[in-house]
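Each chain, letter by letter, is given below.
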Amino acid sequence: MGTLWSIEREVGMNKYRTFQKLAIKYGKTLIAYMLVSFFAIFFVIPFYWMVTTALKQSDQVFTIPIVWWPKPVEFNNFIKAWNSAPFGTFFKNTLIVTCTAVIGTVLSSAFAAYGFARIQFPGRELLFIFMLATMMIPADVTRIPLYIIFRRLGWINTLKPLIVPSLFGGAFYIFLLRQFFLTIPSSLEEAAYIDGCSSFLIFWKIFLPLSKPGLLTVAIYSFLVHWNEFMAPLIYLNSESKYTLSIGLRYFLYEQGGYYNLLMAAATMALLPCLILFIFTQKYFIKGIVLTGLKE
Amino acid sequence: MPRVYINKEKFTRVWYKYRLDGFIFILPWMIGMIIFQLGPMISSFLLTFTRYDVITPAKFIGIENFKKIFANDPLFYKSLWNTVYFVIGSVPISIAVGLLVAVLLNQKIRGVTIYRALYYLPSVTSGVAVAILWMFIYDKGYGIFNSLLASVGIHGPGWLTDPIWVMPSLIIMAIWGLTGQRFVIFLAGLQGVPDELYEAAEIDGATPWHKFISITLPMLTPTIFFTLITGIISAFQSLFTTAYIITNGSGGPLNSAYVYVFHIYRNAFEYYHMGYACALAWVLFIIVFVLTILQIRFSGWVHYGA
Numbered sequence: 000m001g002t003l004w005s006i007e008r009e010v011g012m013n014k015y016r017t018f019q020k021l022a023i024k025y026g027k028t029l030i031a032y033m034l035v036s037f038f039a040i041f042f043v044i045p046f047y048w049m050v051t052t053a054l055k056q057s058d059q060v061f062t063i064p065i066v067w068w069p070k071p072v073e074f075n076n077f078i079k080a081w082n083s084a085p086f087g088t089f090f091k092n093t094l095i096v097t098c099t100a101v102i103g104t105v106l107s108s109a110f111a112a113y114g115f116a117r118i119q120f121p122g123r124e125l126l127f128i129f130m131l132a133t134m135m136i137p138a139d140v141t142r143i144p145l146y147i148i149f150r151r152l153g154w155i156n157t158l159k160p161l162i163v164p165s166l167f168g169g170a171f172y173i174f175l176l177r178q179f180f181l182t183i184p185s186s187l188e189e190a191a192y193i194d195g196c197s198s199f200l201i202f203w204k205i206f207l208p209l210s211k212p213g214l215l216t217v218a219i220y221s222f223l224v225h226w227n228e229f230m231a232p233l234i235y236l237n238s239e240s241k242y243t244l245s246i247g248l249r250y251f252l253y254e255q256g257g258y259y260n261l262l263m264a265a266a267t268m269a270l271l272p273c274l275i276l277f278i279f280t281q282k283y284f285i286k287g288i289v290l291t292g293l294k295e
Numbered sequence: 000m001p002r003v004y005i006n007k008e009k010f011t012r013v014w015y016k017y018r019l020d021g022f023i024f025i026l027p028w029m030i031g032m033i034i035f036q037l038g039p040m041i042s043s044f045l046l047t048f049t050r051y052d053v054i055t056p057a058k059f060i061g062i063e064n065f066k067k068i069f070a071n072d073p074l075f076y077k078s079l080w081n082t083v084y085f086v087i088g089s090v091p092i093s094i095a096v097g098l099l100v101a102v103l104l105n106q107k108i109r110g111v112t113i114y115r116a117l118y119y120l121p122s123v124t125s126g127v128a129v130a131i132l133w134m135f136i137y138d139k140g141y142g143i144f145n146s147l148l149a150s151v152g153i154h155g156p157g158w159l160t161d162p163i164w165v166m167p168s169l170i171i172m173a174i175w176g177l178t179g180q181r182f183v184i185f186l187a188g189l190q191g192v193p194d195e196l197y198e199a200a201e202i203d204g205a206t207p208w209h210k211f212i213s214i215t216l217p218m219l220t221p222t223i224f225f226t227l228i229t230g231i232i233s234a235f236q237s238l239f240t241t242a243y244i245i246t247n248g249s250g251g252p253l254n255s256a257y258v259y260v261f262h263i264y265r266n267a268f269e270y271y272h273m274g275y276a277c278a279l280a281w282v283l284f285i286i287v288f289v290l291t292i293l294q295i296r297f298s299g300w301v302h303y304g305a
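So the protein lines, in turn, are chains A and B. Here numbering that gives the first Met the number 0 is used: the first residue of the first sequence is 0, the next is one more, and so on. Here numbering that gives the first Met the number 0 is used: the first residue of the second sequence is 0, the next is one more, and so on.
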């Protein structure tokens, strides 16, 4: 009888201990969840605020306490905002700049990256280190001479200064793609060489198709840079028909002043491509960071 | 695939030919680099010794520009101070928050991808639209902050109109925009910490706090060091767009949002003092460069594990 009781007690204690362990484990997870969610609110609320304000009628924009859900939902704000400035032109110009620059950046960077990753030529290591060093050249230092050059060329108030410099490959992107190319096994390439395939053909037919994730990563990064670029268009563009979205938004802001619902509608439209791009290509952002060698 | 016999001589010849192909591959980048980076960098350096307004020919004036910067330009000091304030305010906090969130999410929590997306979201948006969004968030009467403060009976400050509050507002906004990037980098860094270390510590009865202090933190020091260096470099050069938009190009009340790059921009593209603006840009470059070297020199705290 006594032994039975002690066994029972033992089992009870074990149950209790397991419970305690589980409580600690889940308690910790719960706290982690709560903290992480609490911070997450801070990061997401501005977007929520932007979209809901864009859907509010004017009288609900300026009320205290805050109206967290627009009633009625006013989709018209987007149409109103779109029609109160030449947003069609702004979008078109931004698209021209962004698409050309992205395609140019991706191809030219991949081209150079292939040279650095796959061909042993004299002085390669030195040039590679030199390339890494050029990443340190600050844009502020080169901006003024570039302006002078483009001015001499008569490129003021054209989209060319926003596009042309990106057609020669960026050091950071070359570095990123080189890291990517290094992970591709050399057996394919050797076989192709022996069959008499030129390195250009190998680059075009083997490396580009195999590197889609890497190329996409570069494309996304450079898309965001060009889409959001503000200072270069501010310096180079001076007529409304040439404005990109960022400059157009700026004028819209000063003209519309206090109509925050229209402003938020315009901001939402401007940010939407970036947000959609991010939602569908998330893993490539992470890949980019891993590729640049931070993950050891 | 049929076995191929390699003609050694021919192979060497072909191989040699392809080695030269290497130059062709990097040629476009070299041309672009010389035209758009190296050349401008050299001419920018030369311009620092001149007075140049784009229309009349440049005039050599020796080191006058530098003398003016240090002896006779209060806005240089003001903008430098604003920038330093911004760097000190935004970089450490964004690193700390990014690290904290990464550590929290690194415990096998479900839905990491969703949280990762939420935190990273601000990082993919930038520029004018985001500045406009925050102008409304900071609105004195009806923004989020002041509405919430008003609901508990506090009369909130004019975040973007009161000189004291302008820089803190810009810092909060920057932390919002930067933490996601930091956090993703730390998350990648954390995955590189071997599990054995934690297991060994658990056997020795280490508490979570001990594990964090004596394993996680030291193992992450290289990542922290990297984020610190790149974060400081980019913070020194950032903020122009936001500062320009929220102050309507004015620099804000008492120049409270007037950051260094703004000063360069105004001298170059509003006053057309190209030589002076180049000198300002070089001073910034040298400040950042020296700071980076100093950080590398005093990087004894960085732990490079086996």
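Read the hints as simulated data drawn from the structure, not as lab findings. Some hints here could point you the wrong way.
Computed list of lysine-lysine pairs in BS3-like fashion (alpha-carbon distance at most 30 Å, straight line) [said to hold, decoys possible]:
#  : chain 1 : residue 1 : chain 2 : residue 2
1  : A       : 79        : A       : 91
2  : B       : 58        : A       : 286
3  : B       : 77        : B       : 66
4  : A       : 211       : A       : 282
5  : A       : 204       : A       : 79
6  : B       : 77        : B       : 58
7  : A       : 241       : A       : 91
8  : B       : 139       : A       : 79
9  : A       : 24        : B       : 139
10 : A       : 70        : B       : 66
11 : B       : 139       : A       : 20
12 : A       : 282       : A       : 27
13 : B       : 58        : A       : 27
- [ ] Compare the distance between the alpha carbons of residue 211 of chain A and residue 282 of chain A with 30 Å, and conclude whether the hinted pair is satisfied.
- [x] holds, 13 Å
Task: Hinted pair residue 139 of chain B and residue 79 of chain A, Cα distance within 30 Å - done: holds, 25 Å
Task: Pair hint residue 282 of chain A and residue 27 of chain A, alpha-carbon separation not exceeding 30 Å - done: holds, 28 Å
Task: 30 Å limit on alpha-carbon distance, applied to hinted pair residue 139 of chain B and residue 20 of chain A - done: Violated, at roughly 50 Å.
Open item on the list: Check the hint pairing residue 58 of chain B with residue 286 of chain A against an upper bound of 30 Å on the C-alpha distance.
Closed with: violated, 50 Å
TODO: Sort out whether residue 91 of chain A lies within 30 Å of residue 79 of chain A, counting only the CA atoms.
DONE: holds, 19 Å
- [ ] Mind checking the alpha carbons of residue 204 of chain A and residue 79 of chain A for me, to see if they're no more than 30 Å apart?
- [x] Answer violated: residue 204 of chain A to residue 79 of chain A is near 48 Å, above 30 Å.
Open item on the list: Would the hint linking residue 24 of chain A and residue 139 of chain B be met if the CA-CA limit is 30 Å?
Closed with: Violated. Residue 24 of chain A to residue 139 of chain B sits at ~44 Å, over the 30 Å cutoff.
Open item on the list: Check whether the Cα positions of residue 70 of chain A and residue 66 of chain B lie no farther apart than 30 Å.
Closed with: violated, 61 Å
Task: Distance restraint between residue 241 of chain A and residue 91 of chain A, which requires alpha-carbon spacing of 30 Å or less - done: holds, 9 Å
Task: Restraint status (C-alpha distance of residue 77 of chain B to residue 66 of chain B at most 30 Å) - done: holds, 17 Å
Open item on the list: Check whether the Cα positions of residue 58 of chain B and residue 27 of chain A lie no farther apart than 30 Å.
Closed with: Given pair residue 58 of chain B, residue 27 of chain A is violated - Cα atoms ~68 Å apart, limit 30 Å.
Checked against the numbered hints above, the structure violates hints 2, 5, 9, 10, 11 and 13; every other hint is satisfied.
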